Each structure stands twice: as C-alpha cells, then as structure tokens.
Amino acid sequence: MKHRAPQEEAVFVGEITRFQTQLRAYIISLMPGASGAEDVLQETNIVLWEKRVKFEQGTNFRAWACAIARLEVKAHRRRMYRLGMTILDDDLADQLAEPMQSDEERPEEHLQALELCLSKLSEPERELIEHRYYTNATLEEFATRSGRSSETLRNRLYRIRAALRKCVKGKLAINETRL
Amino acid sequence: MNRRELEIRLQDLLEGELEVSVLDELQQELRENPEARELYREYVRLQNALQIRRAGLDLVGVVPMDQVVERRQRRMLRNSGFAAAAVLLVGLLVMAFFLVREQPPALAFTTSPGTEFVLSGMGGEDSPHGMVIEEGTRLEIKRGIVELKFASGVRGIIKGPADLTLHREDLLYLARGTGWFEVPEEAIGFKVKTPDLVLTDLGTEFGILTQPEFLDEVHVFKGKVDLLNRYGLKKQQLAVEDEAWVAGPAGRWKKITLRPDHFLKQLPKTAPKTGTYVFQDDFETDTSSDYTSIDYARGTAIPGEFSIDSENSNVLEIRASYGAQVVHKEATLEVGQCFKTDWMTQVVAHNSVKPSTSQVLNNDPKGVGYNVRLRVDNGVFEIDFRRGSEGSYKWFNNSPFTAPDTFWVERYSATEFAWFRGASVNERTKIAEITFESDPGKLFVGLQAYKMTSRFDNLAITEQGESSKVGRGDDSAQGERDD
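The listed protein sequences derive, respectively, from chains D and G. The numbering of the first sequence is our numbering, which starts it at 1 and goes up by one. The numbering of the second sequence is our numbering, which starts it at 1001 and goes up by one.
Read the hints as simulated data drawn from the structure, not as lab findings. Watch out, some of these pointers could steer you wrong.
Only pairs whose alpha carbons sit at most 30 Å apart, straight line, appear in this in silico DSSO-like list of lysine-lysine [what the hints assert, rightly or not]: (1) Lys74/D x Lys1191/G; (2) Lys54/D x Lys1142/G; (3) Lys1222/G x Lys74/D; (4) Lys74/D x Lys1149/G; (5) Lys1234/G x Lys166/D; (6) Lys1142/G x Lys51/D; (7) Lys1254/G x Lys74/D.
If you anchor each label on the Cβ, the simulated ranges turn out as follows [stated by the list, open to error]: (8) Lys1142/G x Arg154/D: 44 to 50 Å; (9) Glu123/D x Leu1267/G: 31 to 37 Å; (10) Leu92/D x Glu1017/G: 14 to 20 Å; (11) Lys54/D x Thr1110/G: 34 to 40 Å.
Computed from a predicted structure; not experimentally measured. C-beta: ideal position from N, C-alpha, C; glycine also.
Next comes chain G alone, as it looks inside the complex (with noise of 0.2 Å):
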C-alpha cells in the first residue's frame, strides 16, 4: 500500500467510509508499520480536534464540562403515586437548584400513575408546567408514560422503559425508548437523535422507536421529517406523512409498515392495574426434548444452546441458537386475566430456516413444550396447539408483524381465549379467538425463541378491569377490518 493509498484509506476508516474489502489490508499494514501507526493517531488527533471545533453545537452539548458537578448532583428516584420523592442530595453547589427562573424550563414533564423514573442532573424541581428538566438532565423511565413539553411547544410522550437526555432546548437524545412527538409550525428543526439516527423535523407528527441491539424505526404520522443514518454510508432520507422508515446497520434507510398503534398520543390517566406480575428472574425452562434443558442462572451466559438476561430490568432476553423456551413457574392465567408481552424482536440477520418467536400457555412449568402457542414465524402469524390438546381458532387480524409489537393473549373462559396486539388497551386490535375442545386447565405463560434473539418486555399479568372488556365487546367490529 503506497502513502496515498494509505492515507486515503486512514481518512475513509476514521469517516465510517471505509470499503469492507480493504479492512483486512488495512488492519495488516497498521499491524506491521510503525509509521502507519502514527499517521493513524495523526489522523485521529485531526479528526477530534474538528469535531470538538464545533463548540456550542452537538458535541459540546453533550457534555458541558462546567456542568459535571451539577449535573450529577442530584440522584431522584421517585414514583410519581407519592408525594414524598425519595432525594439523595450528593456532594456541593446544592445552591445551584434554588436560583430563580425567569424564563418558562426548556422542558418540563408530567407522568402518568404508577410510574418509575430516575432523574440525573439539573432539574426536578416542580413547577407550574410540571417536573423540569434542563439542558444535559437524563431521565430513565424504568416504567410508565411520560409527557414532554418543551418551551418552543413540540409535545412528546415517551413510554418506558426509556432514557433520555436533553442535550439542547430544541435537541433530545432519545437512548432508549418509545416516543411520539408532535411538533408545531414555530418549533420547525426540532431534533431529536437516537443512538443510530438523526431525526429533524420538518413541521410534523412522528413515532420513533429505539431499543439496544435492534434497528431504529421512524414512523411519520403527518408532515415530513429528514432522517441521517448516524452509521455507514450515513443516508439521509426524507420521510413523509403515512411512511415507516427502519435505520438499517449499514447505514441506508429500509421502508416498513406504518404502525400508529406502537405509539401512545395521550398520557393515561389511570395507573396499571393492581396485581400485575413482573416476571424478572423465576422463570422455569422447558426440560422437553424439543429444547434445552438449563439450570437458570440469572444474567449469566450458559454453554450450549441458549441462554437468559434478565438484568435490564423486567427485559427478558432469550439468544437461542437452536430453541429455547421459558415458562412463569408460578404465574397462571385465570379467567378474567390478561398476559402482556412486549416483543422487542427484530430479525437482524437470521440464516436458518423459519426462525420465530412465541407467547406460549403450558400446563405444567417443567413438562414437555406447551398447549397453545402464538408464534410469529418471519412475520407470519401462527397458532398451533399441542400436547393432545385440541381446539379450533379463528383470525381477525394477522397482518404481518412488525417487532417492536405488544402481545395480549386474554382468558375469557376454562376454554375460550383471544390473542390480541396493540401498545394499550384502548388500541389493542383482536388478532385471534381460539377455543380449546375440553378444558386444559390451568394454564401457566412462557415465552420461546426459535434460532433466534427474542427480547421481552414489559411481561405481565394483569386483572382485567372494565377498560379490557373493550377487546370482547367490539370483537365485530375489529373483526371485519381484516377478516
């Protein structure tokens, strides 16, 4: 490799342009040449210093050094049904809270009922808009809704788990999370950044979902907004009203299906039911021949075919390479009763045949497979009964799947039950009614990954209150939108 070619390829490397072709030469000449080496660091050395050039902009924004201290004064931890905030105070400079405001907080929030949150940073203090938060202030929402308001009137609401982070008045770092913006005509160039992308709205309503390990996906509902895939070739693309935009890994942008029921417009008003489970780590495995058998080792990666990560919170991982599946060894579904999954999976990148993943009710917690499951195989819906159970079933919807989706399967009697989708009770669409030929009794929930990563979330039981009758009362209804 001559010096031309080298440097040209040093400078492609440090701009995410570099041709996978020529990595392994690349590497092999860093390798042996000295001099290759430090005309890399040179080349960093520039690199880092145009990027910190950018003062006031981006890059300085995410850490205002002056702030540090500030910043991470304050630890909160609160659930919002209390009046009493549990507050660590840490450290000096406390004073810093107590300065008046004069102008409205460049971002306040509101909560719904029952919701978990930890504030880091400036902010937190009540006010006639809400909590506010200041610039470099990150928010984690370990579950619940919360309702942004920003200054310049762009208003978003943000489902957990998520985490987030204003890095500017008009710019939010969204790390984790669901969230649906609305932004108005005056607050045009609102971003909002995400791990992969960079979102600017144009005059807009949009749906944006990110979740670690898997691809970002825009949903524009009105308006249009400018994407830049923040990797790769680093695509922009412009994303107009009724589209879906997934951010793919190699940095072009892939068109999906528009999902308006993953996002929520509203803040609920009513808190989770009471008596809902949050399954975290006393999962049984399935000891069936079809899979497995694994001693559960909370977070902890088990040789051979598969193993658990429970350790983000009630998020449950399953990487199976070949077929693994958990079941509650507690948790059953009574009549009146509701399992909720969130199915957090997205095929990067399968290579075997029919990959899938499934909610699965079993009689036994350590017996052979299950009763009935729901499995999603490449995006396909099926229903398959099994352990000599016998049953009957009937689709209403079973448009294809797009992952991230939220997953109800319902009790409605000792036989009679309905799977639905939908990211709340209000907006759950009936995908199936099924009605098993004899009773099975009682019947314990799992979950199951097929030759691929499954992520849970949010798994849960929930008693079904009056809100959830919605579901069988309307059956016709959503029964005839794609029957």
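In isolation and in its complexed conformation, chain D is listed as follows (with noise of 0.2 Å):
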C-alpha cells in the first residue's frame, strides 16, 4: 500500500474536518426527507479516507469530495427507490445540490447565525425546535405535554422554520456587507 508523509495525511484530514458541515448539507440537499444522511456522511468519510492516496494535492477537493458522496447517495437512492419511499428525480436532485458544493457556501457561519436567530425565538417556540430536532418523540407526545393540538404545533413549525429561515438568511446578509 501507498503512504504519504504524516504532515501531508494532517493536510488531508484538515480538509476533510473543514469540510464536514458543507458535505452534509450537500448530502442532505440529495436526499431531502431521508434519515440516512449522516450514514452516507460517514460512508463518504470512510471512502475518501480510503482513497485518499489517489487524491492529489492543490487540486480541488470539495468536488473530488462532493462527487464520492454523490455516488454514496446514488447507492443510498436505489435502496431507498425499492423501499417506495419517496424521492427527488436524480437530474432535479444533481441541480439544485450542484451549488451547495461551491467555495461561496459559509457553513460555520450558518450556524453562528442559527444561534443568534434561535436566540431571539421566545421560550415556547425554542422548546417546540429542541423537541423537533433534539429529541427522538413525536409530535403528539410534546401536544399532550403541552395541551396543544399537533396541527396547531405542526403549524407553529412551519411557522417557526421559515422565520428561521429568513433571520439566518439576513444575519448572513450583514456580514457580507461588512466583508
């Protein structure tokens, strides 16, 4: 088997630890809805590390790396397509993931910005996110909890999502002004 030199193996796994965040949303952006994202990030990360004497230096690794995960999300679909589960016809899903490979994305900054927007969410709505995300229960659990309906919680998701939503997108707006 092939080595590299141990500061050039650093090198890569820097890139690959960089690259975390973005990969998975561009993971997620082909698989929208499936469960298995973080699955088809770690078989990905396991691929490029295997491969990675084939990857040369100073060439561009996002797209060496977003093209391993692509085919990770291909071998993902057909499994998905046999199980009848809903899914984004591939040339559709390859434009709008096509994009989130690019140097422009900021993902560190996403979430700094996410934070600073859940910040400004009142108690109740930040509880609604954290069960969401959080916790493994369900809807209608957190409704009984809470004395609401699930349609009036699943509501307030939408709702709570898309202000989300936009306050990231206008936090991320400010320092592009300021850079």
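Dock chain one against chain two, each of which comes alone in its own frame, and use the hints as you go.
If you want it as structure tokens, here you go:
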C-alpha cells in the first residue's frame, strides 16, 4: 500500500474536517427528507480516507469529495427506491445540489447565525424546535404535554422554520456587507 | 403554487413528510423557478445547521472528526481460530492505542470458533473482557457469531454476516445482521439503530433483523421496547413481550409472527463443521424451457429475465422477473449431509400470481427442472416432485414462513430426506420428511426464484456430526408440535 508522509495525511484530515458541515448539507440536498444522511456522510468519510492516496494535493478537494458523496447517495437512493420511498428525480436533485459544492458556501457562519436567530425565539418556540430536532419523541407526545393540538404545533413549526430561514439569511447578508 | 405553499412543501420535503400526490408539482416548480431552487437550498442549510447543532448527540457521535485518522489506523482481518492475527498498521498516531485504560471498555466482544471479522477503528486489543471496541469503531462479521458485552451490562449475540458500529456506549448502529440483546434494568435506555429504525430499550430481551433491501424486524421476548421508524411517517410503536413488528417502508409498523428461532442467545462453542462448502460463483443455471438460460457472469446484470449477484460474500441474490434457477455444478447431497440456506427473501411488493422461492435438489445441474423442491409460495410451504420422480411426504411443522429463515435439507438415506427450519442445529424444527419411491441417484443442490427477488445467504453443505442427529432423534416430539 502506498503511504503518504504524516504531514500530508494531516493536511488531508484537515480538509475532511473543515468540509464536514458543507458536505453534510450537500448530501441532504441530494436526498431531502431521508433519514440516512448521517450514515451516507460516514460512508463518504470512510471512502475519502481509503482513497486518500489517490487525491492530488492542490486539486479541488470539494469537487472530489462531493463526487464521492454523490455516488454514496446514489447507492442509498437505490435502496430507498426499492422500499418505495419518496425521492426527487435524479437530474433535479443534481441541479439543486450543484451550488452546494461551491466554496462560497459558509456553513460555519450558518451555525453562528442560527444560534443568534434561535436566541430571538420565544421560550415556547425554542422548546418546540428543541423537541423536534433534539429528541426522538413524536409531535403528538409534545402536544399532549403542552396541551396543544398536533395540528397547531405543526403549523407553528412551519412558521418558526420560515422565520429562522429568513433570520439566518438576514444575518448572513449583514456579514457580507461587513466584508 | 404561491410562496407560502412552496415554503410549506419544501419544509415537508426536507422533513420527509411530503405527500406523494404533490411531489410532481413541487418538482416542476423547482425545475422552472430559480427562486424556488434557492429557497430549497436555504431550507437545506437550515436543516443541516439545526441537526448539526445537536452536538454531543447521535449525529456528532457518527463522525467524531478529530478521530478520523485514529479510527482508520488499523484494519484487522482475523480468524479467531488462529492466535496470530493479520494486523495492518496504517499511517501515524499509533501511540493512541497504547494509552492506559483505567475504566472497563465500553464494549468488548468474543467470537465463536471459526468466526471471521474485520475491525476498523480504535480498539482491537485483547483485554480481560475480550477484544475491545471503542466508540466509533466498526466491526464487520464476515461469518460466524460474536458476543457483545457492554460496560453497562447489556449483552448481545450477533450472527454474521453483520456490520455494526459503536456510536456511543449506549448506542449501537447495526447496519446489517441478526442480533439478540438482553438489557439489565440499570441499562434501560440502551439504543440500537439500523438503517430503518431506532429501538430504545425499556428493560427487556429482544432481537433485531436488518438486511439491505429488506424491511427490518424487531422481536420482543421479554419486557418492552420503544420503536421509531426512521422513514416516511416516522411512526413510533411500543412493542411488548411476545410481539414482533416489521418496519414498513411508509414509516408505519406492522405486526408479524414472533420467531425466537431466528436468534441465538449463547455463543456456540464449536466451529462450523469442516468440509463445508461456501458457494460463491460456481453455480450452473437451469437450461430448461421453463426457465431462462443464461451464462452466469459474476455480479453482472444480465439482460432479459433475471440476474445474479454474488458480489457480497456468500450471498446469492436472484432477481427474477419470471423464473430463475441455479444449481451448483459440483455440490451433491450425500447421505448424512445437509444443505443449509438462509432465505433472506421478504416480499416487499409483488404483483404477480404466486411468487415463490425454493430450495431444490436436481440430478443434473445442466438438466431440466428439479427432482424435488421445497417451495415457499406466498408464505405457505409446498413440496413438489418432478422429472418423473415419485414419492411421498409427511408434514411436521409447516406453519407460515416469515423471512428471513434458515432451511436445511438432510439426506438420511438414498431415498429418505427431511427438511428443517431453524437458526442452528439445536434449534431446528422438522418441516417435512420425504421419501422417493426409488433412488434418484446423485442429487445436486440448487435454488429457485419465481417472479420475485430472492436472496440466499450462508449457503453451505455440511457433513453432519453427532449433534445433527438431534433432528432425527426427536422426530416424535417435533412432529407432535404442529402436525
């Protein structure tokens, strides 16, 4: 097996690490709504690591990593398809995901902006988001606990996500102006 | 589609809750409207950030990035029957393995003799508890059986082929395999995740079956577990003692028959019998007019009626839009031998009359049809004689088939055979005994799929030792059970 010098491996690990958040978003954009995104990301990381000797330093790591992730998603999509799940057409998924590879993506800023935007939510709103994204319990359970109907909570979630999206976009625009 | 509708549908899409009926309309909007595409991406970024924010929970546990290098340091292929393991060390930071461990390992494992496995990531050292697995480590079991012992007291028996990764000390990811777990009270909350479901233990003993392209099953033997379907409607289900559930593709749960015989609760102490053939790529196809004739090419899709893929180790998949039969060109079933097959088939969807899967015995691998076969026809067992063969059979236990199951056909004498089902020699139950009217001679083993995809695993002919005589010795007891 061909080996690289330790410093080259460290550079490679740095590339993988820095690119995780964006790579994950790219994978989600190819398979929206499917719950295996984290598994695909893990598989992609393993393939990247195993193929590291084939990667030429100085070439476009993003494009290479995304191409590998795309193949992993395709394998996953075949399974989803066989199980009769809702999936986007291949060509449309590619078209939607393509800009997500760009080096203009700023995933870390997204995370920071999201923190600020979450802090602007009311306490019940934040609780609802935390319930939805940070527990495995169903909306129905939360509804029972909070004394609201699931339908009300579902509509509230739509509104909160729309507000968060708008807020994050606004924060990023401000950052851009500062640059 | 107005803006509000668009936002709601994009959110539904990303949450996996979009109604199928509006998918086409949404796709058309996305194709035609660049603003809709940008809005989609904004929601993707938001979804990603919300999920990543769950630091310290499952998602980050999947990819501890500071450990990426360390994880992949060592790939080990080891046959536990040999003291000397083949160890490949890759790259740097090997010192990480020699850190003194003060606490018991999160997970240790031992294997049955003859087990083959690959360990990727941290761990692998021998400890008083067995071989150690660290968080993030993946264990692929090529064949054989592994016992897992968690520091929390959870015990598990995993049958290969299997693929598992320890995500967290209380969260095991089982990508593939058949696992049985016993969870003590102090470890309540232990989770097993598969590609299809998340299971949270509420104090119990349960089994999980997960195979690529088949729906996952959970069987509860004691206590109760909480189940969450990871797809579609993401329905939650409480499963209690003596219940079994299958994770439906739309995200719902469906009750199925409890099958304790799928699972092992103890590590076998003996290796598989010597003289076992594992079939991988030397099947001959049937050339009869009933079935399409093909030249078998390994792992290649064959135009026309069916194809065979045995790229995965000792797994044979027959994708048959009509009928397909493969017969091993060399393996014959002699007196005292047993042909064993794990039928991984599960009818996810079928649209034609009587799709079936069969284990067949044939006196000529290049000839027509079969001499006798055990067929599962929409969950019901049938036995057929053909090619001028005549004979009789007697049922002992032909209760409905629930995939996957393990089947055995054993030859007692020139004319006497028996079919069994059950995970191991000791657990197997006789399905039927058959007797040919005259000696059919040399019989080759084979498999059939008719109008469905059938998957066969762990194909083997085994020389039967003393233990296998159990099958014949307690005929009466087994016969009374369901006859």
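Hint check results:
About 28 Å separates the Cα atoms of Lys74/D and Lys1191/G, which keeps this hinted pair within 30 Å; it holds. At roughly 27 Å between alpha-carbon atoms, Lys54/D and Lys1142/G fall within 30 Å of each other, so this suggested pair holds. The hinted pair formed by Lys1222/G and Lys74/D fails the criterion: a straight-line CA distance of about 39 Å is larger than 30 Å. A C-alpha spacing of about 35 Å is found between Lys74/D and Lys1149/G, which places the hinted pair above 30 Å, so the restraint is violated.
Under the criterion of a C-alpha separation no larger than 30 Å, the hint pairing Lys1234/G with Lys166/D is consistent with the structure, at around 27 Å. Taking the CA atoms of Lys1142/G and Lys51/D, the gap is about 23 Å. The hint holds against a cut of 30 Å. Of the pairs offered as hints, the one joining Lys1254/G and Lys74/D holds, with about 28 Å between alpha carbons and a cut-off of 30 Å not exceeded. Take Lys1142/G and Arg154/D: their Cβ atoms lie about 46 Å apart, and the range 44 to 50 Å holds.
Between Glu123/D and Leu1267/G the beta carbon distance is about 51 Å. The supplied range of 31 to 37 Å is therefore violated. Look at Leu92/D against Glu1017/G: about 19 Å separates their beta carbons, and that is inside 14 to 20 Å. Between Lys54/D and Thr1110/G the CB atoms are about 37 Å apart, so this pair conforms to the stated range of 34 to 40 Å.
In the structure shown, a violation is registered for the earlier hints numbered 3, 4 and 9, in ascending order.
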